[in-house]
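Undergrad: Its first residue numbered 229, the sequence shown is counted upward by one per residue in the working numbering.
Check each hint, because a few of them may be wrong.
Said to hold, decoys possible - Think about it this way: if two alpha-carbon atoms lie no more than 20 Å apart in a straight line, the pair counts; the simulated SDA-like pairs of lysine to any residue are:
| # | residue 1 | residue 2 |
| --- | --- | --- |
| 1 | Lys337 | His320 |
| 2 | Lys260 | Lys281 |
| 3 | Lys281 | His291 |
| 4 | Lys281 | Lys301 |
| 5 | Lys303 | Gly343 |
| 6 | Lys335 | Gly307 |
| 7 | Lys260 | Gln326 |
| 8 | Lys260 | Gln309 |
| 9 | Lys337 | Ile296 |
| 10 | Lys301 | Val264 |
| 11 | Lys337 | Thr312 |
| 12 | Lys274 | Arg287 |
| 13 | Lys231 | Gln268 |
| 14 | Lys301 | Gly343 |
| 15 | Lys260 | Val238 |
| 16 | Lys301 | Gln268 |
| 17 | Lys337 | Pro310 |
| 18 | Lys274 | Lys301 |
| 19 | Lys243 | Pro310 |
| 20 | Lys281 | Asp299 |
| 21 | Lys337 | Trp324 |
| 22 | Lys231 | Gly249 |
| 23 | Lys243 | Arg287 |
| 24 | Lys301 | Trp324 |
| 25 | Lys337 | Gln309 |
| 26 | Lys303 | Asp315 |
| 27 | Lys274 | Val295 |
| 28 | Lys260 | Val232 |
Because the hints were derived from the structure by calculation, they are not lab data. Only a predicted model underlies this, so the values are computations on that prediction, with no experimental measurement involved.
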Amino acid sequence: MDKVERYRQVFLSFKELCSTGRQPSSFSAYCKANSVDQCQMRQTLKNEFQNIKTLPGYRSISHICSVIYEDFKQKCADGRQPGTFADFYRSHGITWEQMHGYLKRNKLKVVGLPGYVMLTGGSRSRCQEIPFEDVIFEEAGFLPADTCSTITVKVDGHVAVSFPADTDVAVIAKFVRKMEKEVGHVGS
229 MDKVERYRQV FLSFKELCST GRQPSSFSAY CKANSVDQCQ MRQTLKNEFQ
279 NIKTLPGYRS ISHICSVIYE DFKQKCADGR QPGTFADFYR SHGITWEQMH
329 GYLKRNKLKV VGLPGYVMLT GGSRSRCQEI PFEDVIFEEA GFLPADTCST
379 ITVKVDGHVA VSFPADTDVA VIAKFVRKME KEVGHVGS
């Protein structure tokens with residue numbers, strides 16, 4: 229197969245994929261995957277080549293990225309996160325540079341999407357924020373009772389930690405000593 233025929237085949241197959249709504253990725257990525265130089269396409273095919281943007285069904289990379297982002301966002305919100313975002317957009321033929329550019333231009337982030345879970349080490353690890361008070365109560369060997377009286381300790385004037393009234397004074401004193409080392413002012 230000569231060069232012209234190879235370029236023609238790649239161009240026509242991309243055109244066919246666009247017209248049937250199955251565009252795999254950008255034209256440049258498609259050319260690279262098929263071992264042809266996109267920059268030489270116009271020169272090689274001459275009159276047979278038409279502007280990619282005028283192909284029926286052609287979608288720009290920006291449009292493809294927005295569809296991928298919205299699909300991932302919806303799957304996360306539904307609790308069906310399909311793995312990492314990078315794996316998800318790569319499976320659609322989008323490179324990191326293309327997606328990063330799209331996210332940056334549109335000031336979008338993946339972290340913080342409703343239902344999004346940061347995946348590490350190949351397994352799902354759901355992180356959960358634990359209130360500081362629960363850690364203290366757990367170390368002291370009891371959980372707070374909402375209905376009883378409490379002893380409140382203010383840390384640096386910003387945070388108030390409440391202990392149940394029946395808490396051993398030694399536990400509260402230990403907490404105060406520990407906090408005085410880390411912050412400026414502890415009062416009760």
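Undergrad: Against each hint, give a clear statement of whether it holds in the structure.
TA: Okay, the hints, checked on the actual structure:
1. Lys337 x His320: Between Lys337 and His320 the Cα gap is close to 19 Å, so the pair holds against 20 Å.
2. Lys260 x Lys281: Given that 20 Å is the threshold and the Cα spacing comes to 18 Å, the pair holds.
3. Lys281 x His291: holds (12 Å)
4. Lys281 x Lys301: violated (27 Å)
5. Lys303 x Gly343: Since the Cα atoms of Lys303 and Gly343 sit roughly 8 Å apart, the hinted pair holds (cutoff 20 Å).
6. Lys335 x Gly307: At roughly 24 Å apart (the allowed maximum being 20 Å), Gly307 and Lys335 break the hint.
7. Lys260 x Gln326: Holds, because 15 Å separates the two Cα atoms, which is no more than 20 Å.
8. Lys260 x Gln309: Outside the cut-off at roughly 30 Å; violated.
9. Lys337 x Ile296: With a Cα-Cα distance of about 13 Å, the restraint between Lys337 and Ile296 holds, given a limit of 20 Å.
10. Lys301 x Val264: Violated: Lys301 and Val264 sit about 34 Å apart, past 20 Å.
11. Lys337 x Thr312: holds (13 Å)
12. Lys274 x Arg287: Roughly 23 Å between the alpha carbons, so the hint for Lys274 and Arg287 is violated.
13. Lys231 x Gln268: Measuring from Cα to Cα gives roughly 10 Å; hence the hint holds.
14. Lys301 x Gly343: Given that 20 Å is the threshold and the Cα spacing comes to 8 Å, the pair holds.
15. Lys260 x Val238: holds (10 Å)
16. Lys301 x Gln268: Violated - the C-alpha atoms of Gln268 and Lys301 are around 38 Å apart, more than 20 Å.
17. Lys337 x Pro310: holds (17 Å)
18. Lys274 x Lys301: Answer violated: Lys274 to Lys301 is near 42 Å, above 20 Å.
19. Lys243 x Pro310: violated (30 Å)
20. Lys281 x Asp299: Answer violated: Lys281 to Asp299 is near 24 Å, above 20 Å.
21. Lys337 x Trp324: Since the Cα atoms of Lys337 and Trp324 sit roughly 14 Å apart, the hinted pair holds (cutoff 20 Å).
22. Lys231 x Gly249: Answer violated: Lys231 to Gly249 is near 27 Å, above 20 Å.
23. Lys243 x Arg287: Holds, at about 11 Å.
24. Lys301 x Trp324: Holds: Lys301 and Trp324 sit about 17 Å apart, inside 20 Å.
25. Lys337 x Gln309: holds (15 Å)
26. Lys303 x Asp315: holds (14 Å)
27. Lys274 x Val295: violated (33 Å)
28. Lys260 x Val232: holds (16 Å)
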